[in-house]
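Trainee: Using the UniProt record's numbering, the letters of the sequence shown map in sequence onto residues 1 to 40.
Hints are supplied without guarantee of correctness; some may be wrong.
With a straight-line cut-off of 27 Å between C-alpha atoms, the simulated DSS-like cross-links for lysine-lysine are [to be verified]:
hint : residue 1 : residue 2
1    : 24        : 34
2    : 30        : 11
3    : 24        : 11
4    : 11        : 28
Cβ-Cβ distance ranges computed for the label pairs, FRET-style [unchecked claim]:
hint : residue 1 : residue 2 : range
5    : 38        : 7         : 41 to 49 Å
6    : 32        : 11        : 25 to 33 Å
7    : 10        : 32        : 37 to 45 Å
8    : 14        : 34        : 41 to 49 Å
In short, the hints are calculated from the structure, not lab data. We put the CB at the ideal spot given by N, CA and C, even for glycine.
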Amino acid sequence: MGGFCIEIIAKGSLNYFLIIIGNKYFYKIKKRRKLLLLLI
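Model the full assembly from the supplied sequences, consistent with the hints where possible.
Mentor: This is how it looks when you write it as C-alpha cells:
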C-alpha cells in the first residue's frame with residue numbers, strides 16, 4: 001500500500017512538472033498549431 005501511495009505521488013509530481021513545462025511553451029505551441037491549421 002505504501003508503494004502504491006508513492007507511485008501516485010510520483011505520477012502527480014510528473015504531471016505537475018509537465019504542466020509547468022507546458023505553460024512555458026504553451027504560447028509557442030499555440031502559434032505552431034495555428035500555422036499547422038493554416039497549412040492543412
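Trainee: Each hint should be assessed against the structure and marked as holding or not.
Mentor: Results for each hint:
Restraint check: the Cα-Cα separation between residue 24 and residue 34 comes to about 18 Å, which is no more than 27 Å; the hinted pair holds. Between residue 30 and residue 11 the alpha-carbon distance is near 26 Å, which keeps this suggested pair within the 27 Å criterion. A C-alpha spacing of about 20 Å is found between residue 24 and residue 11, which places the hinted pair at or below 27 Å, so the restraint holds. With a C-alpha separation of about 26 Å, the suggested pair residue 11 and residue 28 falls inside the 27 Å cut-off, and the hint holds.
The beta-carbon spacing between residue 38 and residue 7, approximately 42 Å, falls within the hinted interval of 41 to 49 Å. Between residue 32 and residue 11, the C-beta spacing of about 28 Å keeps the proposed range 25 to 33 Å intact. Our hint of 37 to 45 Å for residue 10 and residue 32 is violated, since their Cβ atoms are close to 30 Å apart. Our hint of 41 to 49 Å for residue 14 and residue 34 is violated, since their Cβ atoms are close to 28 Å apart.
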